[in-house]
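*Asks:* Residue-level listing of the chains:
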Amino acid sequence: MLANTAELQRLLTGTATGKRDAFRSLYAATSPKLYAIVLRICREPGLAQDALQETYLKVWTRAERFRAEEGSPASWLAAIARNTAIDAVRRRTDVALGMDEEGKSVIEEMAMATEGADVIDVQALRHCLSGLEEKQRDCVVLAYCWGSSREELAEKFDRPVGTIKTWLHRGLANLKACLGAAA
Amino acid sequence: MTDEQRALAGEYVLGTLDAAERAEAERLVHTDAAFAAEVRMWRRRLDPLNAGIAPVAPPPGLWSRIEAGMDEGPAATAPGMVVELRRRVGIWRTATIAVTALAAALALTLFLGPQLRGTAAEQYVAVLDSAEGPTAILVEVDAGTGIVTATSIAAVAPADRSLELWYIGDGQRPRSLGVLDAVGSRIEVAIADIPDFSPAGAIFAITDEPRGGSPTGDPTGPVVLVGGLVRAL
Numbered sequence: 001m002l003a004n005t006a007e008l009q010r011l012l013t014g015t016a017t018g019k020r021d022a023f024r025s026l027y028a029a030t031s032p033k034l035y036a037i038v039l040r041i042c043r044e045p046g047l048a049q050d051a052l053q054e055t056y057l058k059v060w061t062r063a064e065r066f067r068a069e070e071g072s073p074a075s076w077l078a079a080i081a082r083n084t085a086i087d088a089v090r091r092r093t094d095v096a097l098g099m100d101e102e103g104k105s106v107i108e109e110m111a112m113a114t115e116g117a118d119v120i121d122v123q124a125l126r127h128c129l130s131g132l133e134e135k136q137r138d139c140v141v142l143a144y145c146w147g148s149s150r151e152e153l154a155e156k157f158d159r160p161v162g163t164i165k166t167w168l169h170r171g172l173a174n175l176k177a178c179l180g181a182a183a
Numbered sequence: 001m002t003d004e005q006r007a008l009a010g011e012y013v014l015g016t017l018d019a020a021e022r023a024e025a026e027r028l029v030h031t032d033a034a035f036a037a038e039v040r041m042w043r044r045r046l047d048p049l050n051a052g053i054a055p056v057a058p059p060p061g062l063w064s065r066i067e068a069g070m071d072e073g074p075a076a077t078a079p080g081m082v083v084e085l086r087r088r089v090g091i092w093r094t095a096t097i098a099v100t101a102l103a104a105a106l107a108l109t110l111f112l113g114p115q116l117r118g119t120a121a122e123q124y125v126a127v128l129d130s131a132e133g134p135t136a137i138l139v140e141v142d143a144g145t146g147i148v149t150a151t152s153i154a155a156v157a158p159a160d161r162s163l164e165l166w167y168i169g170d171g172q173r174p175r176s177l178g179v180l181d182a183v184g185s186r187i188e189v190a191i192a193d194i195p196d197f198s199p200a201g202a203i204f205a206i207t208d209e210p211r212g213g214s215p216t217g218d219p220t221g222p223v224v225l226v227g228g229l230v231r232a233l
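If you read the sequences in order, they're chains A and B.
Here the numbering used here is used: the first residue of the first sequence is 1, the next is one more, and so on.
Here the numbering used here is used: the first residue of the second sequence is 1, the next is one more, and so on.
Careful: at least some of the hints might be erroneous.
Among chain A residues calculated to face chain B with C-beta under 10 Å, some are [as the list claims (entries may be wrong)]: (1) K33; (2) L39; (3) I41; (4) L47; (5) Q53; (6) L57; (7) G71; (8) A79; (9) A88; (10) M110; (11) A111; (12) D118; (13) S149; (14) I164; (15) K165; (16) L172.
Within a straight-line C-alpha distance of at most 25 Å, the following computed SDA-like cross-link-like pairs (lysine to any residue) qualify [said to hold, decoys possible]: (17) K165(A) x E4(B); (18) K165(A) x G171(B); (19) K176(A) x I80(A); (20) K135(A) x A177(A); (21) K104(A) x R65(A); (22) K165(A) x R6(B); (23) K176(A) x C128(A); (24) K104(A) x M41(B); (25) K58(A) x T151(B); (26) K165(A) x R43(B); (27) K58(A) x R43(A); (28) K19(A) x R40(A); (29) K176(A) x R6(B); (30) K58(A) x V179(B); (31) K104(A) x T166(A); (32) K156(A) x R43(A); (33) K104(A) x R91(A); (34) K58(A) x G46(A); (35) K135(A) x G71(A); (36) K135(A) x R43(B); (37) K19(A) x A57(B); (38) K19(A) x D71(B); (39) K165(A) x A7(B).
By construction, these hints were calculated from the structure, which means they are not laboratory data.
Computed from a prediction, not measured in an experiment: that's the story for all the values here.
Ideal placement from N, C-alpha and C gives every residue a C-beta, glycine not left out.
Modelling step: build the complete structure from the supplied sequences, incorporating the hints.
*Replies:* Here's what the structure looks like:
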């Protein structure tokens, strides 16, 4: 499904120079993955489609700013999609909160990953997330994958926002220590 | 880097910061190399969380919507002068993307030339810029006339939304200075009307708000542009 890094790099370079056919191929190669990412955050197809449209228009105008040293083309595209989707849900107050997700399911899902990301990076993150206290891990994963805000997490875990902030900070610090050791 | 800044960088990538914290993070990404590196580290380290998600094909009509948007863009609705200015801002921005906000603001000061030079009173300028979108807003503070002026040089509010300008003094909550909806629109506020105004450490940010501005008096939408104030030459 997802083209390899060299191919994406070539399509992104073409897009940066205004080549529509390269951009169209880039869309064909990456949109199912980005739509899945955006849909998980937006939950509602209409909102997700608007966010995906906005994502690709940003890619069209900013492709020349991609720098290989900042990561792979796939992770750059995913970051734009995530940010756009999170902004879209923050603007809306009527999107139902996803209250039944768990961090664990994502960690299991990562075990199935066969494409896009470096296998060693995937295994390192899985290992380190599994080692976190459950609440810290769930907060980090729900924020990243479902775009949950601190307020939504506070509601889900029935704790004050300040506590959620502490969990997030400890979770990130512990994760960093573990990933540093694993690297 | 402090522990607080480390947490800020991590939460910035997670997407859990409030508008004022996010403005601070965006400012640091542009001005602090260690903070920018921390943000890159988190982007790379957390990216595998996207790895296992099962792809979902978007509906077939979406590509034609994107294609239509490619031709439209905000540029097509702006007058010729503004398109030219937008292009120049774009070139300036690509050229200075890696330099500090100070150097970037100085570049724009030179580019805007006579408007900012030749007076003795203290003048400050902030370029509100984002790592995303081809948008920019210029904020000028003139201690001589006592006026803060914000001009949209290439920023357009999304449909039915307003771009709201906030002054965030060092350690203060954001204070609204008004809304800027169209390219070329301008806000003028007397410094005397901004309590505890100080150019030192001041940040200006633009958030995306409901039409007419935030209903609560605090930022409610995402930060779209942010910049720190520097002394103009």
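*Asks:* All hints, please: hold or fail.
*Replies:* Verification of the supplied hints:
no., hint, verdict
1, K33, "holds (5 Å)"
2, L39, "holds (6 Å)"
3, I41, "holds (9 Å)"
4, L47, "violated (13 Å)"
5, Q53, "holds (5 Å)"
6, L57, "holds (5 Å)"
7, G71, "holds (5 Å)"
8, A79, "holds (6 Å)"
9, A88, "holds (9 Å)"
10, M110, "holds (4 Å)"
11, A111, "holds (7 Å)"
12, D118, "holds (8 Å)"
13, S149, "holds (6 Å)"
14, I164, "holds (8 Å)"
15, K165, "holds (8 Å)"
16, L172, "holds (4 Å)"
17, K165(A) x E4(B), "holds (12 Å)"
18, K165(A) x G171(B), "holds (19 Å)"
19, K176(A) x I80(A), "holds (23 Å)"
20, K135(A) x A177(A), "holds (18 Å)"
21, K104(A) x R65(A), "violated (35 Å)"
22, K165(A) x R6(B), "holds (13 Å)"
23, K176(A) x C128(A), "holds (9 Å)"
24, K104(A) x M41(B), "holds (23 Å)"
25, K58(A) x T151(B), "holds (23 Å)"
26, K165(A) x R43(B), "holds (19 Å)"
27, K58(A) x R43(A), "holds (21 Å)"
28, K19(A) x R40(A), "violated (30 Å)"
29, K176(A) x R6(B), "holds (10 Å)"
30, K58(A) x V179(B), "holds (23 Å)"
31, K104(A) x T166(A), "holds (20 Å)"
32, K156(A) x R43(A), "holds (17 Å)"
33, K104(A) x R91(A), "violated (28 Å)"
34, K58(A) x G46(A), "holds (19 Å)"
35, K135(A) x G71(A), "violated (29 Å)"
36, K135(A) x R43(B), "holds (21 Å)"
37, K19(A) x A57(B), "holds (23 Å)"
38, K19(A) x D71(B), "holds (13 Å)"
39, K165(A) x A7(B), "holds (9 Å)"
Going down the numbered hints, you'll see the structure goes against 4, 21, 28, 33, 35, while the others check out.
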